[in-house]
Every structure is written in structure tokens, then in C-alpha cells.
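Peer 1: Here's the letter readout for the chains.
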Amino acid sequence: MSYLRVVGLVAAKDLRTELRSREQAVSLLVFALLILVVFHFAFDVTVPDFTAFGPGMLWVAFTFSGVLALNHAFRIEREQDRIDGILSAPIDRSAFYLGKVLSTVIFMAAVEVVLVPLAAILFNRAFDGRLALTAAALLLNLVGFAAVGTLFAAVTTATRRSEMLLPLLLFPAAVPIALAAVRTTGHLLAGRPFERFAHWVWLSVAYDLIFLAVAVLLFDFAIDE
Amino acid sequence: MTGGASAPAVRLARVVRHYGGVAALDGVNLTVAAGESILLLGANGAGKTTLLRVLALLARPTAGDYLLFGEPTRRGGDRLEQRRRLGFLAHQSWLYEHLTAEENLRFHAGLHGLRPDGAAIEAALDAVGLPGRRADPVRTYSRGMQQRLALARVLLHRPDLLLLDEPFTGLDREGAGRLRALLKRHAAGRTLILATHDVAEALPLATRVVVLAGGRLVADRPTAGLTVAGVEALDRQGSPAPAAAGPWAAGPPTA
Amino acid sequence: MMPGMLERLLLLAATLLIPVAIRMAFVLAPTEGKMGEVQRIFYFHVPSAEMAFLGVGLSALFSVVYLYGRRRLVDVMAEAAAELGCLFCTIVLVTGPIWARPIWGVWWTGEVRLTSTLVLWLILVGYLLLRQSAADREQAARWGAIAAIVGALDMPIIYKSVEWWRGLHPKVLKISGGGGLDPVMGQALLVSSLAFLLLFAVLFMARVRLGLLEEEAESLARAVDRRAATAGGAPAGGVS
Chain A
8 MSYLRVVGLV
18 AAKDLRTELR
28 SREQAVSLLV
38 FALLILVVFH
48 FAFDVTVPDF
58 TAFGPGMLWV
68 AFTFSGVLAL
78 NHAFRIEREQ
88 DRIDGILSAP
98 IDRSAFYLGK
108 VLSTVIFMAA
118 VEVVLVPLAA
128 ILFNRAFDGR
138 LALTAAALLL
148 NLVGFAAVGT
158 LFAAVTTATR
168 RSEMLLPLLL
178 FPAAVPIALA
188 AVRTTGHLLA
198 GRPFERFAHW
208 VWLSVAYDLI
218 FLAVAVLLFD
228 FAIDE
Chain B
1488 MTGGASAPAV
1498 RLARVVRHYG
1508 GVAALDGVNL
1518 TVAAGESILL
1528 LGANGAGKTT
1538 LLRVLALLAR
1548 PTAGDYLLFG
1558 EPTRRGGDRL
1568 EQRRRLGFLA
1578 HQSWLYEHLT
1588 AEENLRFHAG
1598 LHGLRPDGAA
1608 IEAALDAVGL
1618 PGRRADPVRT
1628 YSRGMQQRLA
1638 LARVLLHRPD
1648 LLLLDEPFTG
1658 LDREGAGRLR
1668 ALLKRHAAGR
1678 TLILATHDVA
1688 EALPLATRVV
1698 VLAGGRLVAD
1708 RPTAGLTVAG
1718 VEALDRQGSP
1728 APAAAGPWAA
1738 GPPTA
Chain C
84 MMPGMLERLL
94 LLAATLLIPV
104 AIRMAFVLAP
114 TEGKMGEVQR
124 IFYFHVPSAE
134 MAFLGVGLSA
144 LFSVVYLYGR
154 RRLVDVMAEA
164 AAELGCLFCT
174 IVLVTGPIWA
184 RPIWGVWWTG
194 EVRLTSTLVL
204 WLILVGYLLL
214 RQSAADREQA
224 ARWGAIAAIV
234 GALDMPIIYK
244 SVEWWRGLHP
254 KVLKISGGGG
264 LDPVMGQALL
274 VSSLAFLLLF
284 AVLFMARVRL
294 GLLEEEAESL
304 ARAVDRRAAT
314 AGGAPAGGVS
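Residue numbers (the numbering used here), protein chains in the order written: chain A, 8 to 232; chain B, 1488 to 1742; chain C, 84 to 323.
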């Protein structure tokens, strides 16, 4: 029970800090929006194309701003050596890891809530249930992204080349959920039945569970000294 | 109780710690009995911070043994229990500047499995001379206040071993004096290891002085009978020889 | 640290088998009907891919052992396996387009195995760069272990997801008319794979030996530095 308390404590601390400082929210949103705008100009996307382009474009927007969020999550702990406060506490460090994943996912969900409607508006796509399900599918895959990303970010933020290293490690590792996200949302936007893409959803769920478990086991080694 | 009442609080045997190929600690032997107050001296780069980090279980020794409260700190010891009994007031405050004092204290207390109520928080802040400041964000605090808040954070879980790394840095005379008075009060009944250059402030707190130089302890004696000047001489003893050549060998040029 | 008996035996075996494999690949194996002589690159392309996957798998295995026992030797082995995996992976990615271009007219076929190998290459490069960015050997070992374990666990999932992504995958490697592989081609592939495995083993042992020698050299250099420091810098009494 106290393990979950620690997870909640860490996530709550991150959320509270963000609410006060609003350091991240604006940068994540603006960055993701910028990517949409670039796509808008680069590909001249129109209504029927949104079903084709939308999934990939949204995934790119979220993963790139996701990298910003992951870097921020640990930079804030490295300042003032705050992470030492966490490391010297009598807690299971994997609880800290899960707390960080949780807060990152919540931030990404918040970005989604704003960005998916904005994308629909920018590309003249109707607001309907399928759009909402698309957001949910993206979130499912972003959990996996945050799971692996938090593990890697714990390590890369301790280096000088962190901006390059985190994407280099994370994007190849995240290939399965990138493909799953694009396929799932693509089928959803095109209105196809669940059976057509069910296997992708199960892949996402499996990926999320497997790598959350692996990261829980490995996190101590990532953050140790 | 673990380790038996007679077990020393801290026992380091031939502890070595490497960082990037350099031995920051190169064979440290130190035994500290429960209730002792150690003043840890040494030049910058001598390894004081590394030693404190090893003691605080933030860094693992590359070689050697560290027994904390009689229990091994490598495999086999109950790390969580050991961390519970430690308190580390580091060079940095570990405080989240956008959160209030109360939120910071609750967070760290929560990590220690504690759920202090409002009265307990207020009492903790009172004890370090910060009454009525619980709802203020930490970024409005001065350096001295942040240090005292950090001390409140450390004391909340009532640690048996207090480790302090240069706590007087950045404090003016008055602030340093206040901190010293607080430490004197709260270190009673606890084991204390304090690293600092501010010998004048720290000496009244200590029962024993150890000097670290080049990753090894080069002096270790009780403070009884030692003056501030004498201890400062010990501190310098640990300093490396000044560069033979070079324009600054005799100190900075006067205008 | 001179090569041991095992290493010498492996070197001998490799020296004997490699010419045999080359002869089988270029002379004894029949020319493929549709692809012609270019197809012979298959006997280097496929075993290289096998070694690349072997490399990442071994690296992950050694990484797990390292995290448990923290023995330097095991970490050197993990790094060696990953490096070799990366080397062979590069060979796959170079030979693939060389093979594909004359036959199918495209450099990159987007085929499942090739795409997965590209992702593997990125994972291995990430591993190597991560190790390089660590502050010291111990950190490099720990961090590398994490990257290797995640990478190796991920590979089957990556492969599956790319397979599904492509829908149906073209059967690029089953050639020679109807059903399976021509028996002589099959033998040539087997011998070639074995030769590559021996090559991997030889390179692996040499690389591990190199890694251990490097560590020894570093610790000697540190000892010399320390000796010089204590001899030259006597503690000053009462200066300043």
C-alpha cells in the first residue's frame, strides 16, 4: 500500500509543481502545435487526407513533445540535487519511476485534450466519437512511450548529449507502439470495425505491460551511483 | 533493535570510491560511536562530499566495507531501514521552489512514510525558527531560511545519524549562528557528522575532528583542548601544497 | 595476455572453414535462376544477420549476468558482443541494397527482415553511444546493460509489429523455382553460417582480450599517477 502511496506522492508533486510554475504546459502545447502547422504546409493536407496523414502526424507531434516532457521530468530533479532527496528516502525507487511515468502520461493526456481538437479544426475534420477514440488509442500507446522513455531519460539526463541520446535510444525502442498507434488510429478514423485492428491494440497493451515491468526491475540500476 | 546497542553508528573499513577513474576516497577507515559529533575537515576536492554521500547511501563504495548501525550496507542489509535512520543536509537544499514550505515538508515526510498533520508541520517550522511561513512558496525564502527549512525536512523523520555538508555556506554571521544553535539543540542524542570550513561555528558542536586529504584520513583526534586556530591549522594540514610557480602562489594581488 | 588455447583453436577452425565457405558460395552453389550471380551475396548477407541478432542477444544475456554479479569481465563481454553485433548489422544493411538494386531495381525493399535489422542497428548504435557518454566504466556498464536488455527484449516485438505493418511479407529468400531451397545452396548457406559463427567467436575473444588489456593499462596508468602525486605534492605545514 505504501508503494502506491509513494507513486501517488511523486505524481502529485509533479502535477502541483506544474500547476504553479506552468513551465511545461505552454512549451509542450506550442511545440506540438508547431509540428502540426509544419505538416499542414509541408503536405497540404485536406479532409480525406487527414485519415491517411492524421495518424502519423499526430504521433510525430506527440512523441516529439513527449521527449520534451521526459527531459523536463528529470531536469527538474537534477536541479538543486533534488533527486538525492528521493534517493536517500526509504522508498522502493521503482515507485518513484512509476510516479514519473504517471505524471508524464497525465501531461501528455492534457496536451492531447487540446491538440486533437485543434488538429481536427486545422485539417477540417469532423468532431465525432471516432476522434475521441483516436485520442484514447494514442494515449494507450503514449503509456508505452512514457514507460520506456522514463527509464531512458533517467539515464540520458545525466549526460551532456541528452538531447540527442534520448531520441536515439527511445525512437527505435518505441517502433512497435509507433506502428500500433498509426495503424489503430488510422483504422479508427476510417471507421473500420474493431476486429480489423484488435491485434494492434493487444500489441500496445502487451508492450505497455512488458516494458513497465522491465523498467520497474531495471530502474534502480539506472538511477544508482 | 539492529546491530546491538554497542554497535558503532558508522564503521568504514578501507573504503575506496572511484569517479571517472580517479579515487575520490582511497582507503578510508573511520569508526564513529553513537552520539559522537564529528567535524570533518579537508580542502576542497579532498573527498568530503564523496565521503558524506557514501555515508548517506547515495554512492556505493567501489571497494571496502561500510557498516551502518552495525549492519552491512552491501547486499544483506535492510537498505530501507538504514535510510530511514539517516538524515542528510546537503550542499543543495533539495527543495522544490514552486511548492510551499508545507508541501515540501509533506512530500519528504510522505517519502518516509509519515503523514504529519498541520500542527506537526507548524511545530517543525517553529523548531527551526520559521513560524507562520508554511504557506509561502520556497522561492520566496532567503538562503538562510531555505537552509533552516531543509533542516526541518531532515529532522521530521527523527534520524539517528545526521550528515551535513557545508551547511553554513552562503549564510551571514547571524544566519550561521542561528543554524549552529539549532544544530546544537537537535543534535543532542544523535550522531552527527559535519563537513565545513567554518571552524568557528562548527567547533562548539563537535567532540572529535577528522581531516581528509587526498581521499584518506590524515588526522583524527578529540576536540577537547583544541582552539579554533589549532583546528584551522589541522584543516590546512590537509590542503595540498600551493603551486610552486605561478603568479598566484603568494595569494591574489592587492590593488 | 596472450591468446589462450581455445582462441587459437577457433582461429584455426575459422581459417580452415572460411575458404571452404567461399568456395561453396562462389563455385559449388548453383547460379540462381532469376537473380543470377548477384544472388551469391545471400551467403554473406544472411549469416551476417544471424550474427547481428546473436550479438544483441548475447549482449543482453551478459548484461543480466553483469547486473547480478558486477564482474568486469562480464561487462567487457557484453560490450564486445554488442560491438560485433553492430559490425555484422552494418554488413547486412550494406549488402542488402547491393543485392536488391540490380535485381529489383530499388535500393531499399522495405522488407520485414531488412527493416527490423535497421531498427536493430539503431539500437546497437544507441548502446555504443550511451556507453561512450557515461562518466566512467562502471556507469557505462550499468547503463549499457539497461539498453541491451531493453533492446534485446524489444527485437521480437519490433519484428512482429513490422511484419503486421507490411501486411504480407514477400518471400524474398525462398528462391530457386518452386518449393524450398536448392540442397547445394542450403549446404552452402549452412557452411557459410558456421564460418561466420567461427569468425564471430574469434573476433569476440580477441575483443574481450583487448578490453581486459585496456582496463589493465588504465589501472596501471592510475597507479603511476598516484605514485607521482604523493611523491611530488608533500602536504604543506602551516603555509598561508
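One thing to keep in mind: the hints can contain errors.
Pairwise CB distance ranges, derived in the manner of DEER restraints [what the hints assert, rightly or not]: (1) A:E170 - C:W187: 15 to 25 Å; (2) A:A116 - C:D219: 52 to 62 Å; (3) B:R1708 - C:A311: 27 to 37 Å.
Going by beta-carbon spacing under 7 Å, a handful of chain B positions derived as facing chain A [stated by the list, open to error]: (4) A1543; (5) L1567; (6) R1570; (7) W1581; (8) G1717.
Derived by calculation from the structure, the hints in this document are not laboratory data.
The beta carbon of each residue, even a glycine, is placed where N, CA and C say it ideally should be.
Peer 1: Falls inside 15 to 25 Å, the C-beta gap from E170 of chain A to W187 of chain C?
Peer 2: Because 38 Å falls outside the window, the suggested range is violated.
Peer 1: Was the hint right that G1717 of chain B lines chain A, CB cutoff 7 Å?
Peer 2: 33 Å, violated
Peer 1: Holds or violated: is there a CB of chain A closer than 7 Å to the CB of W1581 of chain B?
Peer 2: The hint holds - W1581 of chain B has a Cβ within 7 Å of chain A, the shortest such distance being about 4 Å.
Peer 1: Do the numbers back the hint for L1567 of chain B, that is, is its least Cβ distance to chain A under 7 Å?
Peer 2: The hint holds - L1567 of chain B has a Cβ within 7 Å of chain A, the shortest such distance being about 4 Å.
Peer 1: Falls inside 27 to 37 Å, the C-beta gap from R1708 of chain B to A311 of chain C?
Peer 2: Since R1708 of chain B and A311 of chain C have Cβ atoms about 30 Å apart, the given range 27 to 37 Å holds.
Peer 1: Please verify that hint: A1543 of chain B, Cβ, nearest Cβ of chain A, below 7 Å or not.
Peer 2: 6 Å, holds
Peer 1: Does the closest beta carbon of chain A sit nearer than 7 Å to the beta carbon of R1570 of chain B?
Peer 2: 4 Å, holds
Peer 1: With 52 to 62 Å as the target window, see if A116 of chain A and D219 of chain C comply at their CB atoms.
Peer 2: Given about 39 Å between the Cβ atoms, the range is violated.
Going down the numbered hints, you'll see the structure goes against 1, 2 and 8, while the others check out.
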